[in-house]
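Novice: Top line first, the protein sequences correspond to chains Z and H. For the first sequence, the residue numbers in my numbering are 1 to 386. For the second sequence, the residue numbers in my numbering are 1 to 369.
Keep in mind the hints are simulated off the structure, nothing from the lab. The structure displayed is predicted, hence computed values, not measured ones. A couple of the hints might just be wrong.
[Unchecked claim] Derived list of chain Z stretches under chain H, where covered just means 3 residues or more per stretch with a C-beta under 8 Å from a C-beta of chain H: (1) 197 to 206; (2) 264 to 271; (3) 337 to 345; (4) 361 to 372.
All C-beta atoms in this analysis are idealised placements derived from N, C-alpha and C, irrespective of residue type, glycine included.
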Amino acid sequence: MSIDYAGFRRELEAFARSACPPDIRAVVAAGQKITKREYQAWQQILNAQGWGAPSWPREAGGTGWDIRQRLIFEEVMAENDCPPLYHHGLGHIGPVIIRFGTPDQKARFLPRILDGSDWWCQGYSEPGSGSDLASLSTSARLEDGEWVVNGQKIWTSHAHEASMIYMLVRTSKEAKKQEGISLLLVPMDTPGITVRPIKTIDGWHHLNEVFFDEVRVRADNLVGEVGKGWTCAKFLLERERLPPANVARLELMRRQVTQLVEQASRAAAGQRDFSGLHHKLLLCEADVKGARVMMAEATDDLIHQRPLGVQPSAIKMTCADVAQRLTTIALDAVGPDAAHRFLADAGQDVPDATWIQNYMFTRARTIAGGTSEVQRNVVANELLGA
Amino acid sequence: MATSFPSLFPGMLLDAASRYAEDHIAQEIQGDPVRELGWTATLVPEEAGGAGGTLSDLASIVEGLATHGLQLPVVETCAVVPLLLQAAGAETAHRWLEAVAEGSARIAPMVALSATPEHDAVTARHLDIGYELSGVVEGVDLTLPATHYLVPVQMDGDDAIFLVDAERIGAPKARYRTMEGRLGADFALERLAVPEGACLARGAAVREARAKATDAALLLTAADTVAALATLIRQTVTHLKERRQFGVALASFQVLRHRVADMYVKYLGAKGLVIHCFHEYEQGAADLRRTLRLAKVSLAESARACAEAAIQMHGGMGVSEEVLATRTAQRLIASEFRYGDRLMHAAQLLAPPQSAERVSLSNQTGSVR
Ligand SMILES: Cc1cc2nc3c(=O)[nH]c(=O)nc-3n(C[C@H](O)[C@H](O)[C@H](O)COP(=O)(O)OP(=O)(O)OC[C@H]3O[C@@H](n4cnc5c(N)ncnc54)[C@H](O)[C@@H]3O)c2cc1C
């Protein structure tokens, strides 16, 4: 049966406009930081419609949409200022549990991701292990049928609002550092876990340090085989670098920034020279078009289980680069007006100043989820050999 | 490494400021260090009880503070204010300069941090008794307490300067944390009545004082940028040598080595340019303003590139405000938007030469509404 893509798009458009609450759309439209409140409310609305996990297989609660439908979904949602899907549950750990988890784990965790009742965070990085993730040292030992976790994670996004953390732990000391690592699912309210906020360059609170002191975790919360967590971790990272929403969101951001530049340019009435910014915007527009095709091709490979090669790295680098260039253009456009309003009193929103925070926040796009230098190493190794 | 970053403005003032900044780096600003340390006296002539110093002396203080990442409104308080006061007649200027030097009057400029002191945000109207001031000034530095504000205004097509009690002006309509961690505020003056004596000066003397204050602000901000660049690179070098990943120091990765080398070369260029600006200033070069605008555009480009590179090379630490390099990166980017951004200065540079300096300065940053 052939799919009526145009009809599908219309259905999504009608839904996005009627179902997404105006206050949530306003946050997205203004380019403000999306928090648990918006993500969670939107997830519940999508789930009630049966669209809670567009990219999961139908048997796990997904939609069974084909690749083109998924891309249309992302584009329509971005075009209508709906929040992106919350990545840590739906995009990262969900697919890992679907692929490597036990039936019991699937039953316990997947429905709670779908209906938004669990909010996940990622405990990979440690103070001594960032790009060199395999050197991690947070340990878990088996004692009386439970894992006992000790150590520290850092740069943990959303840990302060999460109910669950998926984390890499060292379960044995093998000669090769990738071995002896396991993937553990841990409720954040377990005694012995302490979360400390990290003050970041963008003025938002999203990063944390997480400390584990004799934290006891059910033995059956370990995913896959003991000591084979690296396989899950790599599977997850490939998906982390390929979120289909990224490209659709870039187009949204490009339109927002274009509007901003036009406004600022009118307000400056020839007193500031915007020609360079207009030129840079054109280059971004071209790059987004190229990225859309890259993304479509990669998603197609993912669906047909063809090897992804360097595509996740290439797409991650491109999206990060374009996002940084766009927020830099926004910074230039609003900077003189907004640099002094970096943070307002009592959480008051200042739309122009939000773009300064966005510029700062976007610096992390080339760091989080594997730095651009490390992605370049991946691409270069593929081309030139390790 | 220390010898690779020789001070631009060495001397006792630099050492004192640097030591002070180092000791107070992690603390909230208490009291009024700029006045307590006597820095407001730097540019005030000796006959008015000041130190009779030069902009280079003030640059020493700016450099010392930037080296350790401390944010204080030295440019506003110690350069813009005394230079604007010079517009007043000898006796009035003397009295207020004396008060500035001894710290009995705490005068702040009522000028947007993003605009130059040549910019008019406020207009004045002469009444039967006194004057009436109207206008919105967004992004005034309020890091330190003020007893008076110096307000540049437009009055009947002429330039003028008013000195108004802070009490009369009242509270700002909004307060913010600026990008580099200062306190910024927006003021709205609505037909604010001020007495006759509030008008310190008008006409050519005001234009000259505003031009001098603008040059000084641009020069000192450029010095701040170069000092901050040195700090940024020094911190990055230390990080790359100390941080280990994959069993080796980050400093062994060639891509990072090249990146930090590029930063250093940019720093050397920026330093050269700022020294050139100070030479032109000291020689009273006719081209000074054009050179300062060029420096503004060029330093913005180099500083932004270096700030972004340093953040990237620090990895996660690069986005944490607990790290000096990160705060320095913020400072560098904020400085781009002080006293006219690069788009404004570029527009002036690219404007036909005969009208370059006569383009109306109103609404040049869009901050006056
Ligand atoms: C906003 C943000 C959110 C994050 N969220 C999470 C999260 O939720 N969970 C989590 O586990 N982690 C998270 N991270 C951590 C992130 O994954 C790490 O920051 C990243 O892997 C880099 O590690 P690092 O910070 O230790 O930097 P380092 O590894 O110390 O890198 C420092 C610099 O050295 C470069 N470098 C390192 N190795 C090489 C090499 N071999 N060749 C060339 N250059 C190299 C890097 O590219 C970088 O420029 C987050 C980070 C940020 C900034």
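Novice: For every hint, state whether the structure bears it out.
Specialist: Quick rundown of the hints versus the structure:
1. For the segment 197 to 206 of chain Z, the stated coverage by chain H holds: 6 residues have a C-beta nearer than 8 Å to a C-beta of that chain, and at least 3 were required.
2. Counting residues of the segment 264 to 271 of chain Z whose CB falls under 8 Å from any CB of chain H gives 6; the rule of at least 3 is met.
3. Check on the segment 337 to 345 of chain Z: 8 of its residues sit with their Cβ under 8 Å from a Cβ of chain H, so the three-residue criterion for coverage holds.
4. Counting residues of the segment 361 to 372 of chain Z whose C-beta sits closer than 8 Å to any C-beta of chain H gives 7, which meets the bar of three, so the coverage hint holds.
Checked against the numbered hints given earlier, the structure satisfies every one of them.
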